[in-house]
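Based on the provided sequences and hints, a complete structural model is requested.
Listed in order, the protein sequences are those of chains A and B. Each residue of the first sequence is one higher than the one before, starting from -11 at the first, in my numbering. Each residue of the second sequence is one higher than the one before, starting from -1 at the first, in my numbering.
Note that these hints are calculated values from the structure, not bench results. Be aware that one or more of the hints could be misleading.
Here are some chain A residues pointing at chain B (derived, C-beta under 7 Å) [what the hints assert, rightly or not]:
(1) L(-6)
(2) G(-3)
(3) N9
(4) H26
(5) L73
(6) E99
(7) I100
If you anchor each label on the Cβ, the simulated ranges turn out as follows [stated by the list, open to error]:
(8) A/S67 with B/E162: 43 to 53 Å
(9) B/P170 with A/G12: 20 to 30 Å
(10) A/R7 with B/D97: 13 to 23 Å
(11) A/P63 with B/V280: 20 to 30 Å
(12) A/P56 with B/L256: 35 to 45 Å
(13) A/C80 with B/E279: 18 to 28 Å
(14) A/A31 with B/T304: 32 to 42 Å
(15) B/R309 with A/G12: 43 to 53 Å
Idealized CB from N, CA, C, for every residue including glycine.
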Amino acid sequence: MHEMSLAEGIVQIVETTARANDAGTVRAVWLELGVLSHVEHDALRFSFDVVKRGTVADGARLEIRTTPGRAWCMPCGDSVDLARLGDPCPRCGSHQLQVTQGEEMRVKEVEIA
Amino acid sequence: MCTTCGCGNGETKIEGEAHGHEHRHADGTAHSHDHDHDHDHDHDHGHDHTHDHDHDGRGHDHGPDHVHGPGCGHDHVHHDGHAHAPGLPPSRMVQIEQDILAKNNQHARFNREFLAERGIFAVNLVSSPGSGKTTLLTESIKRLLPSLPITVIEGDQQTTNDAERIRATGAPALQINTGKGCHLDASMVERALERLQPPEESVLFIENVGNLVCPAAFDLGEAHKVVVLSVTEGEDKPLKYPDMFKAATLMLLNKVDLLPYLTYDVAKCIEYARRVNPGIEVLQVSATKGDGMDTWLAWVRLHAVTARHARAQPKVVAE
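See the structure below:
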């Protein structure tokens, strides 16, 4: 379950941000996760709850914003929606797709006090 | 696993040696485990927003143009109805926009530069357990070693069995045991490179933990991920585990000598792999019987030569 490693990465980023801003506590952590990214949300929430214990993020809630998947379809010569890897172009049915959006895994904002 | 913070990295061992770093929690307790090379990234931007609020009971509304700068410190009620409980310090939002894998990617960049400076071609071999990765590797090394120096980093949760199998071929190998960890990360490989000191203009094989999910997300600094899939597994594995097949440059379809005894549709498997990764190269091999091994080893030699030449090129200096 690599979500544990991802949660560690999140808590490290949050700890660094809290230190740099002299924050006593962290109330919330806002993530941006693309639908095509390598992450299972429930596993990440579980891991975050384990990893945050005893850190400045102990009481923080995790807020996840999901970004949609987009790809460049070569036959269409246009940008199209892509809900899942392996799915065809919704217009022409081709698999000649280059993912352009939806693989993001970012910490966007931290609510501190 | 570290029982204080749940971190799985505490059990990582390189050939039996744990690498400890002190890790201090916010409550002041400190314990040792692997949190190395911290690079702080600490620019913050104030988060300006407009809203209505109440000053000490004297309520008034600000117009939409009223903006609080960063560090604005008084209690207020947000538009979404979320109100701070009395007595709680006010909170503020810090925008950071940082990739969750930023730290791993930093180590991966370091490894990539380390390898490029020395003209070393690095392959990250990934697959499910039992695909025949280690046998493929020992057979490849036996054929390459007379003409090409090779080193190997082996990743497994436990045991040094695979590194011992590799060392029996004559190639230096280092075992990383990830403990409860399900994948190698770039900092583990960085430490292994320090210990292993691969020779210049050589080939480095990194055999990842047998797992078709987690290693896909972690760049180790390799030139290519090569996914090994055996024909005794389902032909729809590329669709079931698309992240890995998308991350790989080359798929080695292994154990093809068993095809006469199986109902395995090779064409379908390749089609599925190209659905998730239209550019993936595919080679059919049998590590034990030798089918396709020459083509696969030609692929390795070609890339090894390319890495050697890239090193010889003078660096372009920006004016």
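These are the hints, each one checked on the structure:
Below 7 Å, beta-carbon pairs count as interface contacts, and A/L(-6) has one with chain B at about 5 Å; its hint therefore holds. A hinted interface residue such as A/G(-3) counts as satisfied when its beta carbon comes closer than 7 Å to some beta carbon of chain B; here the least separation is about 5 Å, so the hint holds. At a threshold of 7 Å, the smallest CB-CB gap from A/N9 to chain B is about 6 Å, leaving the interface hint in force. Look at A/H26: its Cβ gets to within about 4 Å of chain B, closer than 7 Å, so that hint holds up.
With a cut of 7 Å, the hint placing A/L73 at the interface with chain B holds, because the nearest CB-to-CB distance is about 4 Å. A hinted interface residue such as A/E99 counts as satisfied when its beta carbon comes closer than 7 Å to some beta carbon of chain B; here the least separation is about 5 Å, so the hint holds. With a cut of 7 Å, the hint placing A/I100 at the interface with chain B holds, because the nearest CB-to-CB distance is about 6 Å. Against the hinted window of 43 to 53 Å, the Cβ-Cβ separation of A/S67 and B/E162 comes to about 51 Å, which satisfies the hint.
One distance hint, 20 to 30 Å for the beta-carbon pair B/P170 and A/G12, is violated here, with the actual separation near 50 Å. For A/R7 and B/D97, the hinted distance range of 13 to 23 Å is satisfied, since their beta carbons lie about 19 Å from each other. About 22 Å separates the C-beta atoms of A/P63 and B/V280, a value consistent with the hinted range of 20 to 30 Å. Under the hint 35 to 45 Å, the C-beta atoms of A/P56 and B/L256, about 42 Å apart, fit the expected range.
Taking 18 to 28 Å as the suggested C-beta distance range, the pair A/C80 and B/E279 conforms, at roughly 25 Å. Remark: the range hint 32 to 42 Å for A/A31 to B/T304 is upheld by a beta-carbon distance near 38 Å. Between B/R309 and A/G12 the CB atoms are about 50 Å apart, so this pair conforms to the stated range of 43 to 53 Å.
When each numbered hint is compared with the structure, a violation occurs for hint 9 only.
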